[in-house]
Amino acid sequence: MIDTFALALTHGLILLMAWRLLSRVDLDDDGGKPRQTFASDEADPGA
Amino acid sequence: MRDLGLLAFIAAFAALGLKRPFLWVLLYAYIDIIAPQRLGFSFLAGIPNLSLIAAALAIGGWALTDAGKGFSVSTRQLLMLALLAYAGITTINSDVPLDAWAKWDWAWKAVFFAIFLPFALRTKLRIEAYLLTMLLCAAALIISGGIKTALGGGGYGSLVLLLDDNSGLYEGSTISTVAIAIIPLVLWFAKHGTIFPADWRVRAFCYALCLACLLIPVGTQTRTGLLCIAALFVLMLRDSKHRLLYLAGAGFLALAAVPFLPQSYTSRMTTIQSYEGDQSASTRLAVWGWTLEYVKGRPFGGGFESYKQNQIQVSTVSQQGSGAVQSVSASTTQDAGRAWHSAYFEMLGEQGFPGLALWLLIHAVGLVRMERLRRRYRADEERPWIAPLATALQHFQLIYLVGALFIAVAFQPFVWMILGVQVAFDRWVAAGEKSKRAPSFSASAAPVGA
Numbered sequence: 002m003i004d005t006f007a008l009a010l011t012h013g014l015i016l017l018m019a020w021r022l023l024s025r026v027d028l029d030d031d032g033g034k035p036r037q038t039f040a041s042d043e044a045d046p047g048a
Numbered sequence: 171m172r173d174l175g176l177l178a179f180i181a182a183f184a185a186l187g188l189k190r191p192f193l194w195v196l197l198y199a200y201i202d203i204i205a206p207q208r209l210g211f212s213f214l215a216g217i218p219n220l221s222l223i224a225a226a227l228a229i230g231g232w233a234l235t236d237a238g239k240g241f242s243v244s245t246r247q248l249l250m251l252a253l254l255a256y257a258g259i260t261t262i263n264s265d266v267p268l269d270a271w272a273k274w275d276w277a278w279k280a281v282f283f284a285i286f287l288p289f290a291l292r293t294k295l296r297i298e299a300y301l302l303t304m305l306l307c308a309a310a311l312i313i314s315g316g317i318k319t320a321l322g323g324g325g326y327g328s329l330v331l332l333l334d335d336n337s338g339l340y341e342g343s344t345i346s347t348v349a350i351a352i353i354p355l356v357l358w359f360a361k362h363g364t365i366f367p368a369d370w371r372v373r374a375f376c377y378a379l380c381l382a383c384l385l386i387p388v389g390t391q392t393r394t395g396l397l398c399i400a401a402l403f404v405l406m407l408r409d410s411k412h413r414l415l416y417l418a419g420a421g422f423l424a425l426a427a428v429p430f431l432p433q434s435y436t437s438r439m440t441t442i443q444s445y446e447g448d449q450s451a452s453t454r455l456a457v458w459g460w461t462l463e464y465v466k467g468r469p470f471g472g473g474f475e476s477y478k479q480n481q482i483q484v485s486t487v488s489q490q491g492s493g494a495v496q497s498v499s500a501s502t503t504q505d506a507g508r509a510w511h512s513a514y515f516e517m518l519g520e521q522g523f524p525g526l527a528l529w530l531l532i533h534a535v536g537l538v539r540m541e542r543l544r545r546r547y548r549a550d551e552e553r554p555w556i557a558p559l560a561t562a563l564q565h566f567q568l569i570y571l572v573g574a575l576f577i578a579v580a581f582q583p584f585v586w587m588i589l590g591v592q593v594a595f596d597r598w599v600a601a602g603e604k605s606k607r608a609p610s611f612s613a614s615a616a617p618v619g620a
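Taken in sequence, the protein lines are chains A and B. Residues in the first sequence are numbered consecutively from 2, following this note's numbering. Residues in the second sequence are numbered consecutively from 171, following this note's numbering.
Next comes chain A alone, as it looks inside the complex (with noise of 0.2 Å):
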């Protein structure tokens, strides 16, 4: 039960992670995003 629970959440979470990766046009190129998205937390439009 407790096993099902840890591996279902963090599974969940990476299958969320690379769901999110597939819309990241910098996962394969740094410029493609605009510099402050990865400057600090709150300029990410996406938060």
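Worth flagging that the hints you see were computed from the coordinates, not collected in a lab. One or more of the hints may lead you astray.
Unchecked claim - Take a look, some chain B residues computed to stay more than 12 Å from chain A by CB distance:
{"hint": "1", "residue": "L186"}
{"hint": "2", "residue": "A320"}
{"hint": "3", "residue": "G363"}
What the hints assert, rightly or not - Examples of chain B residues lying across from chain A (beta carbon under 10 Å, computed):
{"hint": "4", "residue": "M171"}
{"hint": "5", "residue": "L176"}
{"hint": "6", "residue": "R190"}
{"hint": "7", "residue": "L193"}
{"hint": "8", "residue": "L209"}
{"hint": "9", "residue": "A233"}
{"hint": "10", "residue": "L234"}
{"hint": "11", "residue": "T235"}
{"hint": "12", "residue": "A299"}
{"hint": "13", "residue": "I312"}
{"hint": "14", "residue": "S314"}
{"hint": "15", "residue": "G315"}
{"hint": "16", "residue": "I317"}
{"hint": "17", "residue": "W458"}
Even for Gly, the Cβ is constructed at its ideal location relative to N, Cα and C.
We have chain A already, so just place chain B on it with the hints.
Structure of chain B alone, referenced to chain A:
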């Protein structure tokens, strides 16, 4: 059911990789850390080459899309390559060939992947995604172990993390060390993550994960884990802006936690002081003494698992009673084939003085490089995440090096991955510095001025 879930997860992840092949690099990290083929009950366990398939996808995907972009080799990658070649030679000349080849089988992959990683982690987001994957994989074990400990389970060698196994991260002392060592990285994600930007949910998850991490050494009742917590405490003190407040807060938390610790835990931890009466600790000293003698005859190392040849005598002295009347009893037991119980002696015994020197050099260069980034970017307002990430990666390594004093984890794949990430991060920052100095911002832009 679990098999189906895990298989669906792997299939989904691999499918997403068709759009972004870099995801296959993450998939390999996942399979290497979690070892889902061992978690499965039935058909998943029947896929022996899951790791190999993922490695082929990761490297193949990189070769198709990334090869040639920013392909430069760093000093540390060369050092790793030298160590890998050297370990290959000691394996061929091993004293215990069967065991040596069995360890070589997984150890070479760990080092090889660390050499490969910096080529794939070309962008800031990739570095972040890779670290996040590593943390979430470790979190699967840690959350499970943390909850079980909080509910009163656990005990030395009896806390079962997802599967009853004693290899890789699933071994008690190893997961204790890694769980504590990743805390600085988890805290970095609580503030600077961009995949999951830091909001209250992310922070809540990160802090809960840190608590679970701290519970792992309690649940596994490993003394190494307690030493790692002490190391973490000192390192965070070094990095803290309000030291007095931090000292007071940490002291209060430690005192408040003591009543909640199980009796078996506190009694085991007190044996740190009276190591003479403890066979496990005395065995370590005996094995280390044997190793020092062994390398006199084989200064270039006996190859992987050469400890299997040792025959040692373990003396334990225990004292009973109190006050004027105390009885002291000494006993000697014979033992053979005892493991290294220390990464430093593991390297010395297996790879000899050259191997130990290379391994130490790889770690020393990492510590120095991260320290350099830490200092240089401390006041950088444009990219405030660089210095904290360098600090977190350095702290991971330092806590690991403390834990490694007492457990043979010199070739732990998780740690080699972090070394690979360090190289990639270091190179990414250096490339940024270079492009800043250059007259044009990017190579593709038209040259400005002369």
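Each hint, compared with the structure:
1. L186: violated (5 Å)
2. A320: At roughly 10 Å from the nearest Cβ of chain A, B/A320 sits no farther out than 12 Å, so the non-interface label is violated.
3. G363: Since the minimum Cβ distance to chain A is about 8 Å, B/G363 lies within 12 Å and the statement is violated.
4. M171: At 9 Å from the nearest chain A Cβ, B/M171 passes the 10 Å test, so the hint holds.
5. L176: holds (8 Å)
6. R190: Status holds, d = 6 Å.
7. L193: holds (6 Å)
8. L209: Result: holds, 8 Å to nearest chain A Cβ.
9. A233: violated (15 Å)
10. L234: violated (13 Å)
11. T235: holds (8 Å)
12. A299: Hint on B/A299: holds, closest Cβ of chain A at ~6 Å, below 10 Å.
13. I312: holds (8 Å)
14. S314: holds (4 Å)
15. G315: holds (8 Å)
16. I317: Since chain A brings a Cβ to about 5 Å from B/I317, closer than 10 Å, the hint holds.
17. W458: violated (36 Å)
Violated hints for the displayed structure, listed by number in ascending order: 1, 2, 3, 9, 10 and 17.
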